[in-house]
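**Q** So you can see what is in the structure, the chains are spelled out below.
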Amino acid sequence: MFDLIIPFLICFPFLMAVILLCCGKSKFGNIVSYFGAVVIMIASVAFFVYKGVSGGFAFGQGMYVNTEIADYVILAGEILIVLVVTFLSFKYKRAWVSLLSILPTAAIIFQEEIAAPEEIEHIYIDKLALLMIILVGVVGSLIIMYAVGYMEGYHNHHKEVQDRRNYFLALLFMFMGAMFGFVTCASLIWLVFFWECTSVCSFLLIGYTRTEEAVNNSFRALWMNLLGGAALVVGIIAFYNYVYPTLSFRTFLMVIPQMTSFLGAVSLLPVFLMAFAALTKSAQLPFSTWLLGAMVAPTPSSTLLHSATMVKAGIYILIRLAPLMAGNVVGTFIAFIGGFTFIAASLMAVSQTDAKKILAMSTISNLGLMTACAGVGTAETTWACIFLLLFHAVSKSLLFQVVGATENSLHSRDVEDFHGLLYMLPKHAMFMFIGITGMFLAPFGMLIAKWSALKGMVDGKHILLILFIVFGSAITSLYWCKWMGKLIAHPHKEKKVKDVTHAGEMISFWVHGLVMILLCVFLPVVSVYYVDSIIAGSDMFNTNGAAIPASTMYILITILMLVFIVPLVLYASGKNDHSTEKLAYMGGINTGKNNGFVDFMGEEKTLMMSNYYFEKMLSIEKLMKPAQVVALVALLIIFSMLGGYSIGGMF
Amino acid sequence: MGKRSVIPYGPQHPVLPEPIHLDLVLEDEKIVDVLPSIGFIHRGLEKLTEKRDFNQMVYVTERVCGICSFGHGYGYCDTVEHIMNIEVPDRAKFLRTIWFELSRLHSHLLWAGLMADAFGFENLFYQCWRVREKVLDVIELTTGGRVIFSVNKVGGVLKDITPDMQKAILEMLDYVEKETKVLEKTFMNDYTVESRMKGVGVLTKEQAHALGCAGPFARASGIATDMRMRGYAAYGELDMEPIISNDGDCYGRCEVRIGEIYQSIDLIRQALDKLPEGELAAVVKGNPDGEYFMRIEQPRGEADYYIRGNGTPNLDRMRVRTPTFANLAGLCAVLKGADYADVGILAVTIDPCISCTER
Amino acid sequence: MTATEGKNEIIAIEPGELSVKAMEMKSKGLRLSQACAAWLRKDEKLELSYSFVDDDNYDMFNVRISLDNDKRDTEIASISDIFPYAAFYENEMRELFGANIKVINLDFHNKLYRIEEETPFVPKKEGQN
Amino acid sequence: MISGKLISAICYVLFAPLIGGLIDGIGRKISARMQRRVGPPLLQPFYDLGKLLHKDPIHVAPSQNFFMMSYLFFIVMTGGMMFLGMDILMCMFVLSTAVMFLYFAAVVTGSHYSSIGASRELLQMVAYEPCVLLTCIAFYMVRGSFETAEIIKGDISPIVYLPGVFVAFIFILTIKMRKSPFDISTSHHPNQEIVKGITSEIGSRNFGIYTLAEWYETVFLLGMVALFIINSNPWSILAAVVVIALVYFLEILIDNTSARVKSDVMIKVSWAVTLVAAGFNILVLIYFLG
Amino acid sequence: MAVMTFAGAALKNFFSKPVTTKYPAEPAEYKERTRGHIEISIDDCIGCGMCTRCCPCGTLSIDKIKGTWTINRFDCIACGFCVEKCPKKCLTMVAGYQTPDGEKETVTYTKSPEVLEAEAKQREEMAKKAAEAKKAAEAKKAAEAAKAAEEKKD
Amino acid sequence: MYKITRSPWVMHYDGSSCNGCDIEVLACLTPVYDAERFGIINTGDPMQADILLVTGGINTQNAPVVKQLYDQMADPKVVVAVGVCACTGGVFKDCYNILGGADQVIPVDVYVPGCAARPQAIIDGIVKGIGVFQERLEKMEKGESLTEDKEKKAEETAESEDK
Ligand code: SF4
Ligand code: SF4
Ligand code: SF4
Ligand code: SF4
Ligand code: SF4
Ligand code: SF4
Ligand code: SF4
Ligand code: SF4
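Chains as they are written, first to last, in the working numbering: chain L, 35 to 685; chain Y, 46 to 404; chain E, 79 to 207; chain U, 974 to 1263; chain X, 107 to 260; chain D, 1494 to 1656.
If you are wondering where the hints come from, they were derived from the structure by calculation, not from laboratory data.
Just so you know, not all the hints are guaranteed correct.
In silico DSS-like links for lysine-lysine, alpha-carbon gap of 27 angstroms or less [said to hold, decoys possible]:
hint, chain 1, residue 1, chain 2, residue 2
1, X, Lys210, D, Lys1586
2, X, Lys235, X, Lys247
3, Y, Lys96, X, Lys195
Some chain D residues near chain E, calculated using beta-carbon distances under 7 angstroms [as the list claims (entries may be wrong)]:
hint, residue
4, Gln1554
5, Tyr1589
6, Asn1590
Backbone N, C-alpha and C define an ideal beta-carbon position, used for all residues, glycine too.
The whole structure should be built from the sequences, with the hints applied where relevant.
**A** Pasting the structure below:
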């Protein structure tokens, strides 16, 4: 009975989307959305709990072997997607993009038709899938709740954008449905469908405002993702025809290591193509630009793309592929690209003042770290990868939402304008603080994940990756610290800001913050009882036991909790301590306050302090192209290597 | 505008003890705009002529600045002497030259120390100032003061340099020459020092001319102007060439000043060699009536004196245009585009004297 | 090189001629070495002197504007557009002597020194205190 | 065994200030002699600390007091963890957290010198962090553990395998100890273009706390140097002390013979040294051990 | 690209004796000409006031009758102009600076009683003489007047 | 009672001085006089300074600056006026833009005469200031107000001005 939740989770969002589309412009959409979000959240949590209680955690579970009707629906869906893409690309005079949709879809349909009939499980639930479900379910629903409030404020300010908020919400729902499908399906055909589905949804979301920039960016996102999709299709076809004739994803994962011994590099080609697809989806270099462009859309869509869904789809695939990449050339190159993206994106993040751009660059960079971990493919790094994914999803979602809400109140999302935010919008500043600490600081989990990643890479003797990480993490701290410093700094001007944040948004913040803290506190529990067993799962590493011994873990956590608690104690104890307040030092010419000084004319001037950005050196304009070239070259090298082998192997 | 910092520099700042204030606009640490503000040290001493007679004014003028105090006293006296047509005895001219160069020596060593201090080289600062103490010893020996000499008067000098003192001076010169070689090695060759000076605050010859720069600041940009070439005091009888550099950056300015340390040593030796016998001062009668423009070379560059007498002991106008005043525009020019970390260094490379700038 | 004392001339001009003169000096490649004002107590006269110097032969030309007491408010066009660094001198002359110099490129509005007393070097005019 | 570690950690907490202060005093004396002057008395740092703690506490923003206390706490914790024989990589993460609190204490005032100093402190972190992490990793490669208790147990001193890393670490030490040419965020001398930089707004008691934290940090950092030397042979401790003395003297000499460079040069040079010395060393290590 | 070029000098310094003077443990040495502060041999002063008039700071004051000479040492720039101008050469510039203090007190030198007495006497005498002279003059005048009157009569 | 006399950190502010006294203040720190023997450190930062050395007189523009720097210093604190300019205005006291010595705006504890004040005199002045410093600390720890003390001082100087 509970197993029906899976199709429910996939279909219900689509249903909600349809309802929303029918709502037109009415306010009714808000209620529908809240309802839908709550239902999805409850359903996913319930399913998770049920699985835990029923012992379903122990093993993976496959289902839905016979799915003829569903197959037709999916076929129809695929064709629908092609039609939509073709229509829009002709409409916006980018006809060539439609080829990227038509050809692969035709190929995969053809492949499906000619494939020998086989009995495969179409849905497969294991702990990894469950993790993704709960992540998408909870974070995604919160984002939708947040979106309802946000769009209200957004359309109040942006009169120039046509109000199609129900359409927007519908897209968000569709996206979630596709995500649920993607993480649970075990058929390669379905996988391709859901993949394309997320691509198109994100395309439509990005183009929401229909401005020229939005259209450009949305098409960039579309073609890059479709290219990934095409690679996926080619990979599947290659796998079916040259490696092993099956369309089961699980078989794919299990069979490849065995085939490598006598097929050689040919068997790695599908892995590489799939990983390549993941790179596009996870916005790794050289495909990072689409994620940056995605920011033209209203904040909830960026939140959704950046945190729990879209980009995580790529990582999800990479985690699945991790064991296949361990120690081989594909893994090495994927890890290289990941590591390189980590450091390059961090560098670019340093030069940004736009909060959303910083978040975007940091997303790309963190995804790079995850990609690198997956690419290394040992149990330890995969453990780290999963934790990174978990923490990143939560804190990024929180950060995006807070930034969006702050922007609605402050009318700016420039970090420089966040100067003294703590005194203007204290709650927002606090949540930003939590989000940022979650991203890189003790005691939050990212740090432990990083620790483990480093250890794994040292064990694997990946010197280049180690260098990427040690240099990259130094840079990471730089841009986050800068931001945090801005929040608490003494304000330039005592300005009052009207807080227009909706209750729905606030609830979302609180839940995120709470989840964040709980995750930290229960990190060992999560690790020992959950993540470790993903790693030990049958299609992962089969190694029994944790990647990091629980005892070490507990010590670390104790220390880190101390780190958390002691300042609070100090803060409390320091409250009624005697200390005299002095004016800040300004060479003796402050005008009786800390933010004004006597200027050259003897008049008062406001003291402004900005952070460092190194714009001339590190701007995106300057670094993106060369970084893309490096990554592209790496891709070409591995591609020609594998292609060469494969062609050689075929004849 | 968001990425810009607007901050004050000074008036109280340990790198440059003198109070000058700059409004800076920074991008990261790059200076994009600068506005100077002075007046923290303006006394209005030029107006004291109404209350003090022209003989007392010698002591006031000496206190235009405590570093080239001698030069100001000299410039003032020379201008008055021109107006009153006083023929200063030759010995006095030579003695004045020697003291002038001693004060240049101590001033340049002081500058070198402050420069070292500005780029955070503590030990070098101490070294320079330690050497400078030797010069001060000699100055105290001959004049009785360490920084304010008070040996000038209208008509000549008050004190003589005895043969014993001459010997002491020569010994000191040898010592300073030796030590300067050590300093030169570090100032001119050290990587860390170079990284702070080479290419920092470049001013081309054209710019320097267009901005009216003076002294070593201008000479470092290749402008061969040195008022000593006008031959006042005994300079006409000594052998010298202006020292220039074509770099136009802080390194060039440092090179010029170090060259001038050697030059001063050489000039003092020459002057001692040629020191004529004779009176120390001429007799002064009457009051100045008339006007004169005088230009001399202070350690920091050209200083202009303008004096207007009206036949009474109280002058109508006593005006000092000091080198730093001329170099302010140049300073602002080199500051633009420099790093914040260079502010101290650039301020010091013009060898600023705010005290005399504002009088 | 031999020592050259250089010329030292004073050239009297009318207030209106200043810019022309400055242009002329500039075209000759001269440098403005200083500008100053003087208040002659006996003659009750305000004098402005702009000194131009030649760095090659140490010549000095002092361009002089004399203003009688009743004319001391005469407007004088700033030469700071010709010699940008004249601004400091001109600001000083205006603040301390009340010379009515107009359109200075970096105008401190009588706040270069920020002194309490107005134009301390010249006596107050009748009707003012 | 556990108790042994505990004792050493307690000793650290109790005596590090004494040792740190004394080291500071010796350093100042040596510096003075290099400048050919007599210099302050040996116990001067303690007099200074005493005075600072007796003055009226001041702040610019009230939260400074809290940030400074946290800074001190985390520095002590960093060293404590090391002397407890715990994970050295974690120590370093805690150390960065400590630095962050100092950063907060500076920026919270919004004043310009301390903010610029704080920004530069971050740049310093960017400059030294890679090397510090690589050092930990190098220890791990040599000893197979991040735990200091394990690192000191080998038969051969790690420095034998890690000469390049040692050089890089010494280099980075100059930054951490705020010595010229890398005292860019604040310096012990008042000749900084940003006055006292990150500590500009920190006075009286808070500055005392800062001083104390610096002493703890000095001992911790010199402890890191000792890790390169110490092995299972008890005599190696003596060798470590000698090496520490030499290293410290070298740091002072460097301090006394260089100008303060700018931040870009600092990052460039320290990254280059890290990459060349430490990176190459680790590469070789991978070949030989792997 | 040389680094640590100063190391040689620094090490040499390190192994040489510091140049620091022992002041204040040992008293400072002054040069003969050092302009420290002004001393007066007050009894030689004739109270002419030359010094007070020539002092650029207006530091000095005298009271001729009381026989005092007052200096504010916290105001004297030790320029030596008064020394130069004093007609009796009773002022001398002495090495050794005036010690710092918490108050800016002036110092007053008073002539010794004998000298004062002598001066007073002298003044009296002078006054007497003057009076006598006056008397004499008056007498003379009177005599002349009388004479003139007599002549008139004639 | 704790002795804080061994660690007087000074901050130097150049009022309207001619530089003569400033360079002598700096000269105190250099090898020949080496003020650090007494624990004296020249810190540029009022937050960390105990003794304010003022050189030069006070003019309209720097009066608020001196006052502010003084206010920023933590108690107990001491002011030493170095040079006759800072004591009385010295040779410039008749200038139109000189208000007088440092005591015009802040209470001065020790006056160091001289033009320029000799390094030895400056060292002596600081040492004298240290005595005041210790007294102030003792007062402060007893909970007595320091301002009273300063006000009295200011009054006194005002009186002496009147005279
Ligand atoms: S990143 Fe910002 S500026 Fe760029 S397209 Fe997106 S919203 Fe516009
Ligand atoms: S600044 Fe932000 S909130 Fe304001 S109108 Fe623009 S987008 Fe809307
Ligand atoms: S240039 Fe400076 S040091 Fe020289 S006399 Fe002028 S004020 Fe003094
Ligand atoms: S100094 Fe001259 S004026 Fe004065 S009493 Fe003597 S003779 Fe008379
Ligand atoms: S020195 Fe002579 S002329 Fe000058 S004021 Fe004094 S008495 Fe008069
Ligand atoms: S030395 Fe100079 S300042 Fe002092 S009393 Fe004599 S004349 Fe006056
Ligand atoms: S000038 Fe000499 S004699 Fe005359 S009052 Fe002064 S000290 Fe006395
Ligand atoms: S006391 Fe003398 S040396 Fe000192 S600042 Fe004043 S005039 Fe200059």
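**Q** Hint by hint, say whether it matches the structure.
**A** Results of checking the hints against the structure:
1. Proximity of Lys210/X to Lys1586/D is assessed by CA-CA distance (about 15 angstroms); at most 27 angstroms being required, the pair is judged to hold.
2. About 17 angstroms separates the Cα atoms of Lys235/X and Lys247/X, which keeps this hinted pair within 27 angstroms; it holds.
3. The hinted pair formed by Lys96/Y and Lys195/X meets the criterion: a straight-line CA distance of about 26 angstroms does not exceed 27 angstroms.
4. Annotation: interface hint on Gln1554/D holds; nearest CB of chain E at approximately 5 angstroms, less than 7 angstroms.
5. Of the supplied interface hints, the one on Tyr1589/D holds, with its beta-carbon coming within about 5 angstroms of a beta-carbon of chain E, less than 7 angstroms.
6. Given the 7 angstroms rule on beta carbons, the hint for Asn1590/D holds: about 5 angstroms separates it from the nearest Cβ of chain E.
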